[in-house]
Amino acid sequence: MKRIATAALSVVLLATAGCTNDGGGSNNSGGSTNVPGVTGTEIVVGTHMPLTGPAAGGYSKIAPATKAYFDYVNANGGVHGRKITYKIKDDGYNPANTQTVVRELVLQDKVFAILNGLGTPTHTGVLDFLKTNRVPDLFVASGSRSWNQPDKYPGTFGFNPDYTVEGKILGTYIKENLAGKKTCFLGQDDDFGRDSLAGVEKVLGAVAAKESYVTSNPNVGPQMGALKAAGCEVVVLATVPGFTALSIGTAAKIAFKPQFVVSNVGADPTTVGKALGAGAPLLEGVVATNYLPLNTDEANPWIQLFKKINAEHNGNAEFDNNIVYGMSVGYLFVQALQAAGKDVNRDKLLEAVTKNGFQGPGLVPLRFSATDHSGYAGAQLTKVEGGKAVFFGTPYTTDDADGPVAPHQGQPAAPPPNGVPAA
Amino acid sequence: MTAIEARPATSTKTMPGAPRRRRVHPAIVIVVGAVLVVALTYVLPPFRNYQLATVGAYFCVTAGLTVLTGLNGQLSLGHGALMATGAYTLALSQNKWENLPLSFALAVLVTTAVGAVIGLAAARLRGPYLAGLTLAVAIVVPSVTSTFDETFNSDQGLSVMLNPPPEQYPMEQWQAWLCWAAALIVVLLLALLVRGRFGRDLRAVRDDETAAKLAGINIARTQVLAFVVSAACAGVAGALFAYLAQSVSPGAFPLTLSLFLLMAIVIGGLGSLFGALWGALLLVVLPTLSQSVGEHAGSQRLEGNLALIVFGVVLVVVMLAAPGGLASIPSRISRLIRRNR
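Sequence order for the protein chains is A and B. Start counting the first sequence at 1; every next residue gets the next number (UniProt numbering). Start counting the second sequence at 1; every next residue gets the next number (UniProt numbering).
Looking at chain A on its own, in the form it has when it is part of the complex (with noise of 0.2 Å):
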């Protein structure tokens, strides 16, 4: 019988390791309305974010940056009178982990929505889980297709231009600048990789020579001995930061200099440099795009009031573009807020959401509609010169299937003068 007061003891264990989060979590769920995360003081919000293993390398400073944003909102007044708390997970970029840590922010933390949820492959595993328990899943941070489904999964929203987006604005590229060099590609092993050679493939046909990696194994000597060997001029990279100073840092070490082609998520100088270390000045020349301000550019006022924040409320952490990144999706979130009004609950949130109309640091409008939710609508090429990111020509917009790649005319939008949205 013992042995059944063991197990009985076990049990009572677990029972209260279970209510004793169960009180703390249900300070967030009580309140005056009855919107799951809500209360007339506080806004919940969660996030899955690689903070430990192999895409950390840069993507560790998204999540902070945009938790740095909703402060200074939060100082400056908050929402709607609401304090926005933004819940950080890591999930170490292992889709089994996002699993885990996005039950545990909406079962038990009880967030309001899942905001830049980051990665193709840990994403994808948990649309379905936010569908069943529909909750607004905004601006993920990835570029994947997969986020544009209206019909299948009516409460996700993408931020990235998508993959095969970017990738037939970097075919039109090397089209228009480097044409009849031999073209190929090395990609991450999943959607973002297969997204991203279709845009590539929708410009320029089939590319010479294809290869992939996985992020589990970190060593992509046998596909860059393979580019060299099929005499490719021109290499794309769909890669992460790490994947992209391990690609060019390899090439550099077998003697095969390609031009490098570059996908924007792969792509911040300064995160790349980093890792890169002394072998940094191989960066020189890289082609890549952006759709939101360079971290370099101090003429820019969104610029200017992102490195004031980030000065004030990150502990002036490292200025480089995930920062930018971050912050600009705190600030189109707060927007989403704004525009959902005081009354805020889940569908009037995914409501504003689709009208759309955000004006942000943005060089491309976003493209949200009620039949499509994919992120920005395009991205202007850029060219690593002197160790900086600097733009050229103008802004492209296309779509992910045969439309044309179109220059975008516009001005960018300017910050309100407290860099916080106006309702």
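Please note that a few of the clues may not be correct.
[Said to hold, decoys possible] DSBU-like cross-link-like pairs, simulated, lysine-lysine; straight-line CA separation at most 30 Å:
#1 A:Lys257 with A:Lys274
#2 A:Lys257 with A:Lys228
#3 A:Lys152 with A:Lys202
#4 A:Lys307 with A:Lys383
#5 B:Lys96 with A:Lys152
#6 A:Lys131 with B:Lys96
No lab work stands behind these hints, which were simulated from the structure alone.
Here the structure of chain A is known, so what remains is to put chain B in place on it, guided by the hints.
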């Protein structure tokens, strides 16, 4: 489960003076367990129910592993890979036929078959060589999924098509029931299996192969059978994990999972099914605890790494304080009391 003597070979000498305890039939313990679990699912909040379900899934594999390692003395570092086999089989079958009972059956069958193959090789190997072989199996999982990425979809993995549970039950409660139903059935079968002749064979082979052979026990057959039984349990656990997460990916079955499983059964008490329950509980509770500690300490980056340290420390402490594992603590205490009377 009371049928199993929880002691590893080294501590058998502590028993002779103690009076023989009355044995409760395993079925009774299982029924009590089932009642407790069902009661729990009604009082726990959803996330705790999800964790309870995860404990159930872990219980399947730790129970199978403790029979293999604790009772038969075969060290397997590859049970994570066997779980992956079960999980991927469930995912592939489910996406093709959308028939959950069929998918579960297939998952167990395929894993059993894979376990038989590994077991055949394992029966020829001893000690570190066996550990090496099973280690290789655990390491190969991510490579297999990226080499055959058209079937397994590499690191991203597969999502699993599932029909929602009947409407009157919340998802997490349903998951807890399913996982614990499977776990309790697995454990009941194991308990019945090891209390009879098969269990004696297992222990005889573990303690002295020559003596066992002299007693007419077929060593290789016993070892292969032990591996197959244990693999089938891992297959059930893997299928449950795929069901719980609605997705499978190699990241869910890393090498550390196999090592954690082993650590869990050692901490719980090697060879004891109750120890396996403790182990399963720890596998869920320790990472959660260390995560909240990491959060309170204010370092987000600690969360990902702290669980490893905590597990190590707990292993050291338990081995120092109760070498027989957590499951041996009650009997140690009662023995102390009896001695002091």
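Numbers of the earlier hints that this structure fails to satisfy, in rising order: none
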